[in-house]
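*Asks:* Going down the list, the sequences are from chains X and P.
Just so it is clear: in the first sequence, position 90 is 90 by our numbering, and no numbers are missing.
Just so it is clear: in the second sequence, position 158 is 158 by our numbering, and no numbers are missing.
Don't read these hints as lab results, they were simulated from the structure.
Predicted model only: the values in this text are computed from it and were never measured.
Yeah, the Cβ is synthetic: ideal placement off N, Cα and C, and Gly gets one too.
Just to be clear, a hint being listed does not mean it is correct.
[To be verified] So the derived label-pair ranges between C-beta atoms look like this:
hint, chain 1, residue 1, chain 2, residue 2, range
1, P, Gly58, X, Leu164, 50 to 56 Å
2, P, Gly203, X, Leu13, 37 to 43 Å
3, X, Ser4, P, His9, 56 to 62 Å
4, X, Arg159, P, Thr59, 30 to 36 Å
5, X, Leu203, P, Gly58, 40 to 46 Å
6, P, Thr268, X, Phe175, 54 to 60 Å
7, X, Leu203, P, Arg65, 51 to 57 Å
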Amino acid sequence: MKLSLTHRFLESLATAIDSLNSGTNRISLNPTVAVLSALFFTGTAAFSHDFKLPLLILATSIVLALLTRSLGRTWAKILLFVLAWTTMVSLPLPFITLGQPVARLSLGFMEVGVSREGLNAMATFISRVVASAAIFTSFVFAMGWERIVSGLEGLRMPRELVLLLRLGAIHIPLFLREASEILLAREARIMRKAGFRDLWTVLTTVVGDLLLRSYEHAWRLEKAIKARSFSVKGPFWTPPSHTVGIKDLSLISVTLCILALGVLGVL
Amino acid sequence: MLLSVENIHFKYPGGAEVLRGASFSADKGEVVAIIGPNGSGKTTLLLVASGLLEPERGTVLLGERPLKEQLPEARRRTGLVFQDPDDQLFNPTVYDEVAFSLRQLLSSAEDVDRRVREIARNFKLEGLLSKPPYKLSMGEKRMVTLASVLAYDPDVLLLDEPTANLSSSSIEQIEQVVANARAANKAVVVASHDVEFVAKVCGRAYVINDGTMLGGLIAKSVLSDESLLALADMRPPLVLQTLRLLRLRFRENPLTIKDLVEVSVAAT
Numbered sequence: 001m002k003l004s005l006t007h008r009f010l011e012s013l014a015t016a017i018d019s020l021n022s023g024t025n026r027i028s029l030n031p032t033v034a035v036l037s038a039l040f041f042t043g044t045a046a047f048s049h050d051f052k053l054p055l056l057i058l059a060t061s062i063v064l065a066l067l068t069r070s071l072g073r074t075w076a077k078i079l080l081f082v083l084a085w086t087t088m089v090s091l092p093l094p095f096i097t098l099g100q101p102v103a104r105l106s107l108g109f110m111e112v113g114v115s116r117e118g119l120n121a122m123a124t125f126i127s128r129v130v131a132s133a134a135i136f137t138s139f140v141f142a143m144g145w146e147r148i149v150s151g152l153e154g155l156r157m158p159r160e161l162v163l164l165l166r167l168g169a170i171h172i173p174l175f176l177r178e179a180s181e182i183l184l185a186r187e188a189r190i191m192r193k194a195g196f197r198d199l200w201t202v203l204t205t206v207v208g209d210l211l212l213r214s215y216e217h218a219w220r221l222e223k224a225i226k227a228r229s230f231s232v233k234g235p236f237w238t239p240p241s242h243t244v245g246i247k248d249l250s251l252i253s254v255t256l257c258i259l260a261l262g263v264l265g266v267l
Numbered sequence: 001m002l003l004s005v006e007n008i009h010f011k012y013p014g015g016a017e018v019l020r021g022a023s024f025s026a027d028k029g030e031v032v033a034i035i036g037p038n039g040s041g042k043t044t045l046l047l048v049a050s051g052l053l054e055p056e057r058g059t060v061l062l063g064e065r066p067l068k069e070q071l072p073e074a075r076r077r078t079g080l081v082f083q084d085p086d087d088q089l090f091n092p093t094v095y096d097e098v099a100f101s102l103r104q105l106l107s108s109a110e111d112v113d114r115r116v117r118e119i120a121r122n123f124k125l126e127g128l129l130s131k132p133p134y135k136l137s138m139g140e141k142r143m144v145t146l147a148s149v150l151a152y153d154p155d156v157l158l159l160d161e162p163t164a165n166l167s168s169s170s171i172e173q174i175e176q177v178v179a180n181a182r183a184a185n186k187a188v189v190v191a192s193h194d195v196e197f198v199a200k201v202c203g204r205a206y207v208i209n210d211g212t213m214l215g216g217l218i219a220k221s222v223l224s225d226e227s228l229l230a231l232a233d234m235r236p237p238l239v240l241q242t243l244r245l246l247r248l249r250f251r252e253n254p255l256t257i258k259d260l261v262e263v264s265v266a267a268t
């Protein structure tokens with residue numbers, strides 16, 4: 001383990017959040033309609049009974065990603081990560097779920113059965129998680145986090161929550177880069193070949209500094225917001241007005257169709 | 001006096017007393033400097049002067065009335081620019097940053113838009129309006145912080161280390177902004193380490209040391225007084241140091257190159 005690896009990880013994470021903040025903006029969707037659709041799609045995928053509806057939603061996410069030209073390597077990486085993680089988590093399902101056996105595996109000292117119901121449960125679980133991740137991230141990639149927050153604002157989310165989300169989106173990359181700089185500065189002072197224990201010690205010393213800096217930064221930020229807030233109600237944003245176009249109507253129609261399929265149990 | 005800060009005592013929770021009887025004042029069309037070493041209480045004093053921190057003792061008067069009684073409406077009369085722009089900028093785009101205060105003050109979106117574009121033109125930020133502020137250079141960020149505060153046209157401008165980490169061309173831009181604010185009859189208070197900057201823009205200067213204030217005299221005499229400056233852990237401007245090393249004396253101490261040229265021409 002090297003500190004430079006941690007540095008690279010923090011830098012990549014900051015860059016990824018930066019790109020998610022701005023999005024591709026290839027399709028100008030009404031943020032409120034888009035967020036509503038994203039939430040419906042994600043909910044439908046996450047709570048579906050089998051894997052057919054999630055597969056349809058996954059296909060929709062690919063279409064959206066293609067339309068917005070956001071089907072990049074980062075998006076694929078996220079999905080692959082989700083796929084790998086859910087596969088790992090759901091791996092025991094075919095073996096522990098009771099049902100019609102489709103295969104038997106001999107492990108030498110014991111024999112285990114693979115059930116059809118278990119395989120079904122595994123496929124459903126994976127497809128639900130991957131589809132919900134795919135559809136929501138495709139919306140985030142297409143619109144950018146800022147417009148997602150704007151959509152939540154349009155849905156009349158509590159003002160404080162919107163403010164927190166917005167500040168988080170802006171300040172998390174700054175915080176990550178600061179952490180990365182502190183690490184580099186500490187690494188520059190390691191004059192001998194450092195073992196895992198030395199590096200771990202350095203990493204742990206960063207935590208306290210980061211907490212302190214974050215607190216100070218948050219304290220000053222609160223003062224900065226207060227300094228430009230002229231009413232007792234505190235800071236506020238006027239939600240920007242967005243028109244509803246033909247693209248938004250098409251999106252909401254597709255969303256409602258898929259939602260209806262889910263609710264009626266057609267698929 | 002437009003802004004009068006009198007006998008301020010302030011202590012952070014669990015900490016030592018940062019300000020111990022600090023006082024200063026600034027009037028319309030005046031640029032006042034507060035100079036002092038790191039940790040002397042300059043930033044805290046500006047936060048108290050803008051009503052963001054409440055002192056344990058002492059008063060802040062804005063237009064002869066206690067600032068405390070006029071809050072939060074009085075915040076539109078004071079504009080505080082923080083030392084680190086990243087502490088101040090919190091909007092997704094430069095446009096939103098400048099519009100943040102205007103959206104609270106102006107009723108129509110068209111008026112907000114018009115004012116934002118006017119300010120952007122004045123500060124040469126037109127090309128940056130759609131960019132996220134945290135992705136700008138330090139000089140650009142500084143101009144955005146100034147624009148976002150001057151957008152609502154405050155009477156008092158409080159600048160905390162405005163030239164920190166800036167290139168010389170950015171410092172020149174800041175000098176111009178301060179000169180314009182003075183010309184617009186605003187009271188400008190500058191907390192700074194930068195003796196060259198203070199020499200160029202400030203009319204009066206206070207030295208803050210260990211939470212107490214000294215001076216309040218004409219900036220020229222404060223910046224020529226080595227013993228007073230030593231309290232602020234500062235040296236006189238380079239022009240004056242050079243003249244002293246060369247044992248050259250003029251009737252008036254030149255603090256900037258422009259002053260030096262003027263006194264040299266007058267002397268010859």
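*Asks:* Does each hint fit the structure? Answer for all of them.
*Replies:* Now the hints, each set against the structure:
1. P:Gly58 - X:Leu164: 50 to 56 Å: At roughly 35 Å between Cβ atoms, Leu164 (chain X) and Gly58 (chain P) fall outside 50 to 56 Å, so the hint is violated.
2. P:Gly203 - X:Leu13: 37 to 43 Å: 49 Å, violated
3. X:Ser4 - P:His9: 56 to 62 Å: 48 Å, violated
4. X:Arg159 - P:Thr59: 30 to 36 Å: 34 Å, holds
5. X:Leu203 - P:Gly58: 40 to 46 Å: At 45 Å between Cβs, range holds.
6. P:Thr268 - X:Phe175: 54 to 60 Å: Hint holds: Cβ distance 58 Å, inside 54 to 60 Å.
7. X:Leu203 - P:Arg65: 51 to 57 Å: 53 Å, holds
Hint violations for this structure: numbers 1, 2, 3, all remaining hints satisfied.
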